[in-house]
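Asks: Okay, here's what each chain looks like letter by letter:
Number of protein chains: 4
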Amino acid sequence: MNVGFIGLGNMGRGIAANLLKAGHAMVVYNRTRSHADPLAAQGARVAETPGDCCRGDVVFTMVADDAALDAVTSGENGVLAALPAGSIHVSLSTISVALSERLAQAHARAGSVYVAAPVFGRPEAAAAAKLFVVAAGPAAALARCRPLFDAIGQRTYVLGEKAFVANAVKLAGNFMLAAAVESLGEAIALVRKYGVAPDQFLDLITSSVFTAPAYKIYGSLIAAEKYQPAGFRLPLGLKDVRLALAAGEAANVPLPLASLVRDRMITALARGYEEADWSVIGKISAESAGL
Amino acid sequence: MNVGFIGLGNMGRGIAANLLKAGHAMVVYNRTRSHADPLAAQGARVAETPGDCCRGDVVFTMVADDAALDAVTSGENGVLAALPAGSIHVSLSTISVALSERLAQAHARAGSVYVAAPVFGRPEAAAAAKLFVVAAGPAAALARCRPLFDAIGQRTYVLGEKAFVANAVKLAGNFMLAAAVESLGEAIALVRKYGVAPDQFLDLITSSVFTAPAYKIYGSLIAAEKYQPAGFRLPLGLKDVRLALAAGEAANVPLPLASLVRDRMITALARGYEEADWSVIGKISAESAGL
Amino acid sequence: MNVGFIGLGNMGRGIAANLLKAGHAMVVYNRTRSHADPLAAQGARVAETPGDCCRGDVVFTMVADDAALDAVTSGENGVLAALPAGSIHVSLSTISVALSERLAQAHARAGSVYVAAPVFGRPEAAAAAKLFVVAAGPAAALARCRPLFDAIGQRTYVLGEKAFVANAVKLAGNFMLAAAVESLGEAIALVRKYGVAPDQFLDLITSSVFTAPAYKIYGSLIAAEKYQPAGFRLPLGLKDVRLALAAGEAANVPLPLASLVRDRMITALARGYEEADWSVIGKISAESAGL
Amino acid sequence: MNVGFIGLGNMGRGIAANLLKAGHAMVVYNRTRSHADPLAAQGARVAETPGDCCRGDVVFTMVADDAALDAVTSGENGVLAALPAGSIHVSLSTISVALSERLAQAHARAGSVYVAAPVFGRPEAAAAAKLFVVAAGPAAALARCRPLFDAIGQRTYVLGEKAFVANAVKLAGNFMLAAAVESLGEAIALVRKYGVAPDQFLDLITSSVFTAPAYKIYGSLIAAEKYQPAGFRLPLGLKDVRLALAAGEAANVPLPLASLVRDRMITALARGYEEADWSVIGKISAESAGL
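Chains A, B, C and D are the protein sequences, given in the same order.
Residue 1007 in the numbering used here sits at position 101 of the first sequence; the count goes up by one each step and never skips.
Residue 959 in the numbering used here sits at position 53 of the second sequence; the count goes up by one each step and never skips.
Residue 938 in the numbering used here sits at position 32 of the third sequence; the count goes up by one each step and never skips.
Residue 928 in the numbering used here sits at position 22 of the fourth sequence; the count goes up by one each step and never skips.
These are calculated hints, taken from the structure and not from any lab test.
Don't be surprised by glycine CBs; every beta carbon is placed ideally from N, CA and C.
Treat the hints loosely; a few may be bogus.
Claimed, not checked - Taking lysine-lysine pairs in the DSSO-like style, the calculated list, with each CA pair at most 30 Å apart, reads:
| # | chain 1 | residue 1 | chain 2 | residue 2 |
| --- | --- | --- | --- | --- |
| 1 | A | K1145 | B | K1122 |
| 2 | A | K1145 | A | K1036 |
| 3 | D | K1145 | C | K1099 |
| 4 | A | K1036 | A | K1122 |
| 5 | D | K1122 | C | K1036 |
| 6 | B | K1145 | D | K1068 |
| 7 | A | K1036 | A | K1068 |
| 8 | B | K1122 | A | K1068 |
| 9 | C | K1132 | C | K1145 |
| 10 | C | K1132 | D | K1068 |
| 11 | A | K1132 | B | K1068 |
| 12 | C | K1068 | C | K1036 |
| 13 | C | K1122 | D | K1068 |
| 14 | A | K1145 | C | K1099 |
| 15 | C | K1132 | C | K1036 |
| 16 | D | K927 | D | K1099 |
| 17 | B | K1145 | A | K1099 |
| 18 | A | K1122 | B | K1036 |
| 19 | C | K1122 | D | K927 |
| 20 | C | K1068 | C | K1145 |
| 21 | D | K1068 | D | K1145 |
| 22 | A | K1132 | A | K1122 |
| 23 | B | K1099 | A | K1068 |
What the hints assert, rightly or not - Which bits of chain B does chain A cover? Going by a derived footprint, with three or more residues having C-beta under 8 Å, they are:
| # | segment |
| --- | --- |
| 24 | 938-950 |
| 25 | 968-975 |
| 26 | 1062-1072 |
| 27 | 1114-1126 |
Pulled out of the complex, with its shape left as it was, chain A reads as follows (with noise of 0.2 Å):
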């Protein structure tokens, strides 16, 4: 297929790196366009604005939060003005829920197609095309896509038409995993005033009650106490729990553990770990207990 690719961070590059080796013809854009010099390299076509992305069948959108997202599609070199009729737009960005449905229902009044397709995984994962894909909108469209996704992720849910559920989801997974991360960052501040070393708390847990690759992941960053450099900026982090707050307020559903890891997340800011990685936060457990 033809396909463009817009915003080629740490993520980004990854992906649209994956999709070049599937054998799709890509054209890619990027802010900063010396960050598309490797993919220029492995044959991808570097375009001038956001529209010059769009004029084959597919344009992927993977960019930092709502206004990043907002200034690539909008305007006359924006995604929405450019994208040919029929042609689909898939966000792979974490936005907010309330973005997600205005761009289905601007796609949908200019004739393009929209389809929310945010991801589970960190950067390794995306340069290993191991990503867990979430997608969500038209059903021809998301066949369309397939091929797309299973070039970039290990796995693909689809949960129906409504784009903006596979933001949602997103949203609730992020939350989730910030809640995870302030699990750890309090357990291990509490054992460690016991004198357990967080290693060998960390092994104990995660060979067997916490398996999961996320525990391991964020438990070893903070028993290590390695919150430089940063995987998912603090940031980002603190965004992602702020859209969750806001699609659960949207929706009149209280998320005190949200709450508590933003204000957590806040606190992290104001003490000036605004570089590190979101797990920062289980320094801050640590501080609070005067360790």
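Place chains B, C and D on chain A using the hints.
Replies: Here is chains B, C and D on its own, set in the frame of chain A:
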């Protein structure tokens, strides 16, 4: 070995049966004597008092809480008075750090040995000898107990000489389970409001980022809203979270997530869910969202 | 002076009436025109657009939220376009710090002057000219407005040149009110369970340590479980707490108590109490205790 | 009357002095005997044991916590053993609901009478006979104590026959004070970030919506960051919040705001503020905001 076993509830009966099967001579005691009948049928002798269980090399206790352990260890027919010098008291119960420390000292004064060995696993795991044993105490005693631990669990973690450390770790682990349940409850309430079926969401997260048994087990209870019969009753869960908070307070470790879960559990009790599994806090999340 | 007034809701109509009484020539605007009738009967002229209110020295705005203020300030018939150079926009609404800052800049660019003057007090206080006015903006403009503030409130606090500071203070104050309501709700639920009549408890604390009006007013609503008609509707209260949280997040200030209150309010909305007074969170405390 | 008084700390010494001034014959006891010297100089007899204070009509106890009250009431030289049939034990301390109930039963068995009369007010109020007395117990006993209460406080609230109800109300009140302190701490941290001087904000809110002494007293401590010397030490404040939570748990009343305050106080202890006034949680709010 000659082994005594005190406390034949949901967990204790499975553990005691596995010790019997491993070929040890057993004397068992339970406050409600009839609960001992199945073990008697398998060859155990039934004692009239806790002290009567303490004539051998090792006595296990597996009771509901601090008060129950106090009741079987103190007094003239209690474990402390009856256990011979050099024999070992293996305390499997989930109890407070403070009581564990007091018992270790009391046994030392009496010439006997105290080992804390709380376990992770629900009744089915106890019956299947699949528990995870978290043991701490004098090294020689732990070595002598090793075959006994091997008979009841799939793995034993040794945490050093101070018995109470094992209890702190067990409480930290149970707190983390409660936190996972709370995050499941909130996330499921959120996605339900956006039209996602709970089991679809659960399948998605437990096959991607949350592959741990804890998420599968508790997630399926919440998704199915099946809180009875209880695998682990709410008041016992509340007790564990309260003990984690007490351990935190004693060591100046704030545990805001444990506080949140405690408040949820009290709300569930106030709503009349005393007989439900502790995962019923997922129902509180649903009710708080108007579901 | 020649004064315009936009927004004749519960609060605005009382304030506008007091300005009229003080002898100022008034032009008023309200989206639902009929709400302007009583003021027309008292001598005010009724405008067709927000801009029509902006021909004089000062225009007041008193609307529900950021979106409503945006609606009356922007566009060709909005305040920003219509207000003559040198005239003053006095913004009484409880709005976000961010919008206040944007409006100050926009007015500066347009040659007009922006003053933020949010008020403390419920509708009865507005009608009785007993409000507390929290004002910030250019000193000369504040001096010119002084007689107007004196006509609507019992005291004016001046907070310097930066208009948004007044909004931050107003949001902090409203957050504190919400916190007081939450503490009343929890405390009353507690003593009820011990057999104390709510009004007896309330009489005790409001005549000893909590003599402030806030405790008397909201305490009596909770004690009497009389949440309707609403003096201040729940969704507006939630808006204010959300804005306080947003102001906190923008400045890296975690506000866990505000988060707690927000979750309570969302729970109340989910339970169907949208039309109730914001003190209805006291009912959530009672319900959570099984009362 | 012949009056005994046990516990001459910050609060007790002022109260005892006022009883002396009112003309009652006094016997006083304090664990550290030298604290009794000033009262001896005013005419009180100094007892060697708690029981020696119990020969008259009424004995007051005013000690730090449950353990201290247990120590002076139990044993052969304790209040329970020594107090003559028909004499009254007036328990002024802030203790648990549970201990209050146990003492009421123990006195009833012993033929003596137990009255709970916890007080609101800091040491200066105790010295000035300006306390608020919250009394409950048998009506006849309360009537006999009335002149004593009038000698130490500005007002007495009578809450019926069940002594422990007075303790529940006292704990609810102290919880509300702690909540007010927390809200002050968060609000002041917020406005400081927007450039508002704490005392300016405090003047504003305490002269408008929060005119209660509690806000003035604690607000000025937080605004001035003057947490020492402590009027009420942090560990005692934590004790009271913990007792409120325990009272809540015993009656199935979740108190999330009390949980939040408890976590703040533990954080403050972990940071080394054990000797500070309990309002030092305002410092935790500031530190969490990077101030």
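Asks: If a hint holds in the structure, say so; if it does not, say that too.
Replies: Taking the hints in turn, this is what the structure says about them:
A C-alpha spacing of about 28 Å is found between A/K1145 and B/K1122, which places the hinted pair at or below 30 Å, so the restraint holds. A hinted pair counts as satisfied when its Cα atoms are at most 30 Å apart, and A/K1145 with A/K1036 qualifies at roughly 24 Å. Distance hint between D/K1145 and C/K1099 is fulfilled; the C-alpha atoms sit about 21 Å from each other, no more than 30 Å. With a CA separation close to 17 Å, the supplied pair A/K1036 and A/K1122 stays within the 30 Å bound.
Under the criterion of a C-alpha separation no larger than 30 Å, the hint pairing D/K1122 with C/K1036 is consistent with the structure, at around 22 Å. Between B/K1145 and D/K1068, the direct Cα distance comes to roughly 28 Å. Compliance with the 30 Å bound is thereby established for this hinted pair. Of the pairs offered as hints, the one joining A/K1036 and A/K1068 holds, with about 25 Å between alpha carbons and a cut-off of 30 Å not exceeded. In summary, the hint linking B/K1122 to A/K1068 is supported, as the alpha carbons are separated by about 26 Å, within the 30 Å threshold.
Of the supplied pair hints, the one linking C/K1132 and C/K1145 holds, its CA atoms being roughly 22 Å apart against a limit of 30 Å. The straight-line distance between the Cα atoms of C/K1132 and D/K1068 is roughly 29 Å, inside the 30 Å bound, and the hint therefore holds. The hinted pair formed by A/K1132 and B/K1068 meets the criterion: a straight-line CA distance of about 29 Å does not exceed 30 Å. Pair hint C/K1068 plus C/K1036 holds up; C-alpha atoms about 25 Å apart against a cutoff of 30 Å.
For the suggested pair C/K1122 and D/K1068, the alpha carbons sit about 26 Å apart, so the restraint of at most 30 Å is met. About 41 Å separates the Cα atoms of A/K1145 and C/K1099, which puts this hinted pair outside 30 Å; it is violated. A threshold of 30 Å between alpha carbons decides the hint, and for C/K1132 with C/K1036 the separation of about 24 Å falls inside it, so the pair holds. For the suggested pair D/K927 and D/K1099, the alpha carbons sit about 50 Å apart, so the restraint of at most 30 Å is broken.
A C-alpha spacing of about 21 Å is found between B/K1145 and A/K1099, which places the hinted pair at or below 30 Å, so the restraint holds. About 22 Å separates the Cα atoms of A/K1122 and B/K1036, which keeps this hinted pair within 30 Å; it holds. Taken as a hint, the C/K1122 and D/K927 pair is broken in the structure, with Cα atoms around 35 Å apart against an allowance of 30 Å. With a C-alpha separation of about 23 Å, the suggested pair C/K1068 and C/K1145 falls inside the 30 Å cut-off, and the hint holds.
A distance of roughly 23 Å separates the Cα atoms of D/K1068 and D/K1145; the hinted pair therefore holds under the 30 Å criterion. Of the supplied pair hints, the one linking A/K1132 and A/K1122 holds, its CA atoms being roughly 14 Å apart against a limit of 30 Å. Between B/K1099 and A/K1068, the direct Cα distance comes to roughly 13 Å. Compliance with the 30 Å bound is thereby established for this hinted pair. Counting residues of the segment 938-950 of chain B whose C-beta sits closer than 8 Å to any C-beta of chain A gives 0, which falls short of three, so the coverage hint is violated.
Counting residues of the segment 968-975 of chain B whose CB lies closer than 8 Å to any CB of chain A gives 0, so the stated coverage by that chain is violated, three being the minimum. Under a criterion of three residues with beta carbons nearer than 8 Å to beta carbons of chain A, the stated coverage of the segment 1062-1072 of chain B is upheld, 6 such residues being counted. Only residues whose C-beta sits within less than 8 Å of a C-beta in chain A count toward coverage, and the segment 1114-1126 of chain B has 8 of them, enough to reach three; the restraint holds.
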